[in-house]
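Chain A is already provided as a structure; the job is to place chain P on it using the hints.
Listed below are the residues making up each chain.
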Amino acid sequence: MFIVPALNLLEIYFIKGTFISFDIGSFGIADPVMILQAVITSASFSVSSAVSALIPALIAFFFGRVWCGWLCPYTYIMERIEMIPPAAEKMKSMRLRLRKSGTVKRTVIIRFFIFIGLLFLAGVCGTPVLHLFSPPAVISTEALLLVKYFSLTAEILLIITLMFIEIFFSYRFACRYLCPTGACLSLFNNSARLRVSYAGSCGNCQKCARICPMGLDPIKDGVNNLCINCGECISVCPDASLSWKIGRG
Amino acid sequence: MTFLERLRNLLNNNPFKHNFVKNRMRPPGAIDEKAFMERCIRCARCIAVCPYRCIERSASGSGIRVGTPYIYAEKKGCYLCMSCPPVCPTGALNNKLSIPEDVRMGVAVINENTCLNHIYARAEEMGYSDGSALYCNTCYNACPLQGKAVILKDLVIPVITDLCTGCGICAERCPTSPKSVEIFPSGMGAPAGIYFYIKEFNAKNEEVKKLLEEKERITVGKEPTFEYDFNTDNKLEGW
Chain A
1 MFIVPALNLL
11 EIYFIKGTFI
21 SFDIGSFGIA
31 DPVMILQAVI
41 TSASFSVSSA
51 VSALIPALIA
61 FFFGRVWCGW
71 LCPYTYIMER
81 IEMIPPAAEK
91 MKSMRLRLRK
101 SGTVKRTVII
111 RFFIFIGLLF
121 LAGVCGTPVL
131 HLFSPPAVIS
141 TEALLLVKYF
151 SLTAEILLII
161 TLMFIEIFFS
171 YRFACRYLCP
181 TGACLSLFNN
191 SARLRVSYAG
201 SCGNCQKCAR
211 ICPMGLDPIK
221 DGVNNLCINC
231 GECISVCPDA
241 SLSWKIGRG
Chain P
1 MTFLERLRNL
11 LNNNPFKHNF
21 VKNRMRPPGA
31 IDEKAFMERC
41 IRCARCIAVC
51 PYRCIERSAS
61 GSGIRVGTPY
71 IYAEKKGCYL
81 CMSCPPVCPT
91 GALNNKLSIP
101 EDVRMGVAVI
111 NENTCLNHIY
121 ARAEEMGYSD
131 GSALYCNTCY
141 NACPLQGKAV
151 ILKDLVIPVI
161 TDLCTGCGIC
171 AERCPTSPKS
181 VEIFPSGMGA
191 PAGIYFYIKE
201 FNAKNEEVKK
211 LLEEKERITV
221 GKEPTFEYDF
231 NTDNKLEGW
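Chains A and P, in that order, are what the protein sequence lines are. My numbering puts the first sequence at residues 1 to 249. My numbering puts the second sequence at residues 1 to 239.
Same shape as in the complex, but just chain A:
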C-alpha cells in the first residue's frame, strides 16, 4: 500500500489511486460499496463506475472474500499484531471465546444491520460517508498522504480505535461487524466458486475451529458470509479432510 504512492511520486502512473478505487493501466477498479453509496446519494448512475465496481464483485462472486483474507491491509496489520507476544495470548483467548453456539448466526445478522444502517446514514447525510468506516480505505488513503505530504488526517483515529478495541475487547471487531467493504463483498460469498470444503470424516481435533479468525467452525459452516477464504483452517488440518474446492456444492 505504500508502494503505489511512492511509484506515483516517481512519476510512474501505471497504477494509481487507493484501495477505494484505483487504475491499473487505463483499467479502473473501484470498491463496489463506495460506488453503491455514490449511486444512493446522488441518485444517478454512470456506466464507467458500474463497470469498475463490477470487477471486484465478480472476483468476490467466483473466489469469495479473497480481498478480505488475502489483500486487505487491515487484516495484514492485525495478523502481524497478533504475532507480537504480549498481545498474542490475550487475542488468542478472545478468539477461542468467539466460538460459542449461536454466535455465528448472530454476528451475520448484526453485521448486516450495521451495513444497512451505514448505507442509510449515507443516504440521510446525502454524502458518501462510508469511507470513514472502512479500515482498508482509511489505511490506504492515509498511506498515500503519508508518502506524498508527510501528514495524516483525523481519519487515522478510526484505525487506532479499532486496534484498541480489537486488542483489548473484541477479536476482529472491524472485519466481523463494522467494515462495509467486507459486508458488501460477503453478499456474493454464498455463491462463491472457491470455497473450503469438508471431506466428511476427520478426527474431530477442532484445530480448524480454533484457528479461524472469524470464529467459524469450518466443519459445520464452511460456506458462510463471514468466511474470508484465508485458508488457515486448511493449512492447520492434520489429516487433509479440509480442502479447497472449486465449483458449486
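Quick caveat, the hints were computed from the structure, so don't treat them as lab data. Model, not experiment: these values are computed from the prediction. If a hint is listed, it holds; no wrong ones were tucked in.
Pairs of lysine-lysine residues, derived as DSS-like cross-links and limited to a Cα-Cα distance of at most 27 angstroms, are as follows: (1) Lys75/P <-> Lys148/A; (2) Lys34/P <-> Lys75/P; (3) Lys148/A <-> Lys22/P; (4) Lys207/A <-> Lys220/A.
Which chain P residues stay away from chain A? Per the calculated CB distances, all over 10 angstroms, these: (5) Tyr79; (6) Leu80; (7) Leu97; (8) Val109; (9) Arg122; (10) Gly131; (11) Leu134; (12) Tyr135; (13) Leu145; (14) Gly147; (15) Val156; (16) Pro175; (17) Ser177; (18) Leu212; (19) Phe226.
Note that beta-carbon positions come from the ideal geometry of N, C-alpha and C, so glycine has one too.
For chain P alone, coordinates are given in the frame of chain A:
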C-alpha cells in the same frame, strides 16, 4: 407542504453541503458543489495523480467534507495539467474535460487597494509616489492564459476577463501580503453563485454597501390582484 417534501427539502438543503472559503477550490472539472458532495467517494485518486501536489485532502475540522480534495490557491495553484478529471471514478470531476481553457474553478478578483500595479497607476496619476508603488505584473506573467485571462489595461492595470479559469497561480505568486489577488471558487456557494461574493468583496466603502442594500430592497412592484398562472420575480437579481 407534505411531510415528504419537507423532509426532502431539509435533507437536500442541509448546511453541510455548502461552504464558501476564498482561495479554496475544488480540482478542475468539479461539478456543482452540492452534486460534488453527493458523488465524491473520497478515494483520493485525484490526490494520488496530481504531479504538483496541489490537491490536498481536507483535514479534520471540515465536518462532513472530511476527505474531499481541495486546492488551496494561496499555497499552490492548479497548473492545469488536466490529469485529475479523467481518473475520477464517479464523475464528481467531469471525466470528459481535457482542455485547460474550459476549466472553471473560480474567478480571480484583484483587490485594487493593495495591488502594486494599481498603486503604481494611482501614483502616476497623482504625480508623486510614497515608495510603495511598483510595476509588478506578476499575475500577468504567471497566468497560464497570459494575455487572455489577465490583460493589462493601459499596460499597467491588470484586469481579469471572463476567460479566467480560477487556477489560482496568480494568487500563489502575488507578492503582496495579504494577497491582492483572491480566487472566488465557483459552485461552492449558497446565494446566487460566485458573483454574490465578489460583490460583497468589492463593497468595501459605505456608499456601495448602502446602494447594494437598497438594491436588495427593490421589488418588481405589487403582485397582481387578479388570478394568474405565471411566476413573478420579486427580486431585481434575476433580470
